[in-house]
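*Asks:* Chain by chain, the residues run as shown.
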Amino acid sequence: MVNDLINIFIPHIILILTIIVQLVLGILKPYSLTFKYKDINIRISNIVTVIGIIGATAGTLYSQGDYAGFNYSIIVTSDVKALSILVLICGLVSVFLNTNLLRGNRQGCYKYHVLVLTALLGGICALGANDFLTLFISLECMSFALYFLIAFPKGYPSKEAGFKYLITNAVSVAFFLFGVSYILGLTSSLNFTEITQIFESERCSIIYAIASIMIFIGLGMKLALFPFANWIIDVYAGSESSVLNLLSTVPKIVVTGVLIRLLSGVMGFNTEINAVILILGLITALWANIYAIKENNVKKLLACSSAANAAYMIIILAVFSSFAASAAVFYLICYVFMNMGAFAYVNMIEPECKLLTLDKLSQTDSKLNAAAFALCCLGLAGLPATSGFIGKIFLLYSLLQSGLILLPIVLLLLILFTIGLYFYIKLARGIIKTKQTAIHHHYKILNSFSRPVLLLMALITVIIGILPFNLLARCILLFQ
Amino acid sequence: MLNNIGIYHYLVLGLILFLTGLCGVVISKNIIKILISIEFMLTAVNINFTTFGLYCKNLAFDGYIFALFYIAAGAVELAIALYIFYAMYREKQTSNIEDYGDV
Amino acid sequence: MFDFSNILSLPVLVFLPLVFGIIILMPFFPNNDILIRRFAKGCIIFHFIYALLFWIFYNNGFISLYAPDWIKTLGISFGFAMDELALVFTLLTTIVFTLAGIASKLHIRHGQRYYYALLLFFETTILGIFNASDIFTFFLFWELELIPAYFLIAYWGEGGNAKKSAMKFILYTFLGSLFMLSGLILLHYFNFLATNTLNGQIGLYNLDKVSPELQVLISVLLLIGFGVKLPIVPIHTWLPDAHTDAATPISMILAGILLKTGAYAIIRFNLQTLPEGFKYIAPVLAVFALINIIYTALVAYAQTDIKRIVAYSSISNMGLILLGICSMNIIGLSGAVFHSVAHGLITAGLFAVCGIVLLRCRERNINKLGGIAAKMPRLFGFATVIILASIGLPSLAGFVGEVISITGALASELNDYTKFTALFALPVLILSSCYMLKFLHKGFFGEEGECKPAADIANHEFVILVSIVVLLFILGCFPASILDIIQNISVTNGAVVW
Amino acid sequence: MSEFFTDNLIWVILYPLWVFLLIGTGRLFAVRMSKKLLTLITLTGSGLGILFSGGALINILQSGSKEFVFTFIKIQNFLIQLGVNIDKLSAVYLLLLFTISFFIQLYSSSYMSREPKYYRYFGYLNLFNFAMGLLLVSPNLFQIYIGWELVGLVSYLLIGFQYTNPLKSTAAVKAFIINRIGDTALLTGILCIIYIMWTYSVSEFVTLDFSDFNIISSIVYAHTNNFTFTILCLLLFTGVIVKSAQFPFHTWLQEAMKAPTPVSALIHSATMVAAGVFLTIRLLPLLTLSKEILIFIVILGMFTALFCSLCAICQNNVKSVLAYSTSANLGLMIAAVGFGNIDLAVIYLIVHGFIKAALFLSYGMTNNEYTDDTGTTLPPSFIIASFALAGLAFAGLNCKELFFETFKQNTFLRIEFLLTAFMCAVYIFKLCCKYPLAKGKRPHAREQISVWVFLLIITAGTFAVYGSQLGFPFWTAFAGALTAIIISIKAKECKEGKITQICSEGFFIDKFYSRYIYSCYGKITDIANKIELYISNNKFLVSFVKAAVFIAGNIEKYILDAAVNLCAICTKFASRELEHAQTRNIQTYIAYGVLIAGIIFTAILLTYALVINSLGGIG
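Protein chains in written order, with our numbering: chain A, 364 to 843; chain B, 795 to 897; chain C, 258 to 755; chain D, 13 to 631.
Just chain A, same shape as in the assembly:
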């Protein structure tokens, strides 16, 4: 029993240990006196975090079999593991991109690491949660870390962004919990398994529908779904790219995982929720794509892209089947890598420009970097030879599979894709030097890791785009 427990909680434990190590190192500063090299504390804390995350990933891979513990409040199955690994990878990539951020705050760099690790810990706990209480605590854990992370960089914009995220999150959490409280009232339980059993046998009431929708709204905020979607533009515009890298991936993965679980049981017994998901998803996608058309700020464009892609993913979940769930996860994986590639590029050119507009995108000294960024953008648009293309096929396939009733929605989606292509093309062609932007900036890339990250992400995007079958088969296996 205890062995099992440890077996399952290796990643959590490793993360917590890393947090402790970071705190100790940060507070005691054992090396700052002996070394003159001023980046040393950044380097060491980075290495510790990387080791921690890799350890956690290895631990997740190492743990065998499914498990449910703590009175069924946490369960660990293969899909949880898969998504946890994805979360950890995203965290790892964000750590690689943090140099620009930490150079501004050398002494406080351990705080950053503690926050990142906390967010990851919260994320993987939430993925495994089988209980509303655990879910709530884990999500809050992640959110609190994210507030600080967003507000972490020096300067006013990050503070404002953090504050906006906080307010919106607080309101949405209130919605979520209000819904949870009604579920509690209806079922006298907070455990997903018990709730599912109760609703399977009982006739569902309007209170149940409203409670599910409130829960969905509360969780949807983290994906930037309507009703709480507008924050994403402002928050992205005010944040630093390595934080955005985390913000645009980890909560998405976590919430998608949680939603898949909730929709397959707790919330899945009323038809209203499906309609609401579809409508909210479509509204969000429509809003994000149309908003992006006139936008000129790269970060805001990526915010729109983030919102739109999350919406597509959620639309898949509206037709809940095992195929749809695996399609959504596949789409999520594809999206995460392309997105991280794009943010890696932004990370590369960010320090030079206060306001990153489209015409500044071409300011890189390597054409390969630019091409990799363009590839990621085209991938986000769903053009072929990238993973986004396969993701798009599966998205449409899972929608059409559920019958021809959804055909009008599919057609609307097609138009949204097309509108989206417009701004992705704008992003992609931003890399090409035109006469106006031909002023060469030969500067040194501050962060030596962003280039490998960018190229790696582009490579993954292409590899998934060309040889998707292995990953796909695994995704399908997750939900069988």
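Keep in mind that the hints were calculated from the coordinates and are not lab data. Note that this is a predicted model, so its numbers are computed, not measured. Where is the CB? At the ideal position from N, CA and C, for every residue including glycine.
Among chain D residues calculated to face chain A with C-beta under 8 Å, some are: (1) 587; (2) 590; (3) 596.
Since the structure of chain A is already known, use the hints to place chains B, C and D on it.
*Replies:* For chains B, C and D alone, coordinates are given in the frame of chain A:
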């Protein structure tokens, strides 16, 4: 008189508090007031939880525990909010929410 | 004896240009414009010769299938296969790309390295469309082609609005292809429901058990995608802009081949895979084809930009091809394929002529041109032959295609209206001569315009025009050369069976 | 021996094509052969043509027609064959074609000697011979269509030969497009026949061979109703109308006058216009099946004859008058075919061909492209040919006699013919009187040879035509009187030299005539002239097409393109509105959220309420 107070009274009170909080968040211009309104919503949820904790017989003590956790979480949240607000305030010297829209 | 068919591999055929393109992009490749150009030209010509081998060693029923698994979950493979239809279009593609590659010499002044790499990439995508044996492989290339096409139009365009036109093109086509994708998915899914096998091979679809209404629905969805490319009239407005603003070699490719992918796809999918559903649509589509033919011919007459005239004439001619397809019989099909080839060459030639005129005169308004014939007699000679071919003069390729397509529609067994559309399509012969002769008359005849061309055509342009004219004569006088290849397609019950 | 000519006629017909290609490729590669060599090669072709077609004619008269075909297009039961079919008709036509073109080429070699585009010109002449030869030997309708188009093309190229002149190139385009209308109608007709044959014929392939055209006609007639059949015949016949320059499509012939004079001679005698009569004769098995069609043909021919004669009278330009005269005479021929008198039509075609060629070439001897009306002079040979055209002497006289005989069943037609013939004399002599005889300038020997050979042939034809038996020579008597009058006027004119007076007074001494009848006649010509102006500008057709083009262009620009742009604009507008809505104030965002959430909850509550209502309340 007091014996007539049932579960629905508590729930309606919770709902009213929740809506009040929501209105407060949307309407107040002062950031402190907004934070207080968020606390209103928190309290509304807590009322719900404790009510269900009280009235659902076969429930162990889930409702109360949830309320406890939520109180703790709310406190943390408020603390973070105040911290960030203070950082912002140093920049702008105002507590009007409308002045914090520069990004 | 060495068996040549051993070296004929479809993946090599498709991906060879891409490999060449990547070589050009490699850092070790010398950054010398002349070298890059010659290398690219050499690659394209080499590839053309390779494609010719396929034709030479082609024998009946030669289907080279290469289909490793791609997305196993859905039974999709990354498959290539070549049959008669694909062979004809592959040859056309390599020919037009060779011509366009040669024509690029004077038109492309900057960014040659990227230009030629993209051009070669473009060739790969189009060959992929024609040779794909699996619906999703087909779709992959169909969408992939947008990327090189967009950048080629936008960044090497001649018109001032190149970026805008390219954006219009890519959005239009992308939306169309998404509609097509939904059609393909439904096709795949309903085939699965009907036969209980997950199958991606185009040739193996069997929708006999699927109700005609569903087939019609799938057909319509597919047609929206193909119709944007073809283009069919209400959704054609991207074409004139894109063709006008693109650089001349790109215009040649767009009009010469890109539009043919639409025709090819309709034959492949609507006719071959969904004959039952297409039966209901074909008469309606024939009316659209008629509108294409007549309406765009009239619009072409109203244009003053030489490239726009040619662009609209392309739409009009594509209408004829569509009409041939809609007849749903072997004659119309042969006509459509033949006219695809003929028109591919003609329109490439016309754009080449436009390009030469643009280069020499720096003027594209037909009212300001004039008197080119006196200054450039050789260009005039070629231009006359190509224009005559485009208005369907006997002994040149255009005539055969037009007559066979229309005859096919006339022989259609669908219903009487299709026959009438065939008869009403005939006045296009008059209209096409109106706008094309306007081109000749105003551009070449008359007194000298405001611009004075400096010299007659250069040697490489001469090569392009001579090869087009010779091919047009050969096809016009000996149409059997292509028709025989298509002969193997047999028709039963109004449906084409391979 | 004469078999040899028939068998190898194909090479003679292809020979001009090779010459054309030789010239064309030579020009492209900037290789030049000398002008003399070129002329020699060309003339050899035509000379051989005369020899072979003459030989073939003799052979065919002895042993019947020859046919040789090969497959051009074959798809299932759709078969198009090309080949050579030589029968009496085509042999005669070929002989005419090669004879006339031989001398016209000879003439051109001096006429065009100073032309820089001499090579191109001779290339086109060769192509013309080939195209016409292809048409004449066609074994089936389809090849006729091919020849038909090619002939139209060459005429286009030749009319627009001086392309630097915008007037001429415009004329070429006009002529070509009008021709194209006829071609399209013909093709439509051909395809209709193919379709009908497919449906009803028992044979596997439909080849539309002339050798079994009788059967085809009967099948077509049997399986179409009266209306369809009439439409079908009309479609086919429209091709004839256009090519033979019949009303209302005769205007292209006027445009064709912009071509160099020898080309006009060629077009008017043995090539373009002759093709129409040829096709009518070929189609006769089909056309005879419907009486209405035959009547229509006769009426159209006669009407064109009358109408174009009237128009000719109004003209002052020599070439214009000759062009109208061609239409008029072709009208007579067509009417003759409609009457079933094929021999007459062919004979008159030959005679008229030589006369017209002689007239044009004579005109060309003393005038060139740039001569205007005031500078025109006419050589004596023109006057001689005029007599033939007017039917006052030579073969023309005999032919008119034959026509008079043919029309004897119908008095009305006879009168109309008389009128036409009379007007023919009027306009041609008006020219002779109006313009002075050429003096001083001595034409080149080659030009003179050509003209005099034609005149010789016409003279010889006088005796050749006297083959058929004739009744009382009405026309000869009438013509004799007319000759007397003409000669007297000519004498008067020569004496007084008052050309203008003669024109105004006409040819009649009688003042009564000039006062009353002439004014009446003048009104008729005026009306004809107005109609002619209307048609020649193609006002109706052009305005129709222009309107269509205008409408289509505007639909394209303001509806289709605008719709797409409107989508873009709407999206951009929406985008701007959304940008405004993005106030950067967090409260607004939450307010949006609350609003949307409120809407959703209200909607759900309402749905529930409605569902519960429809279920009749809870429980």
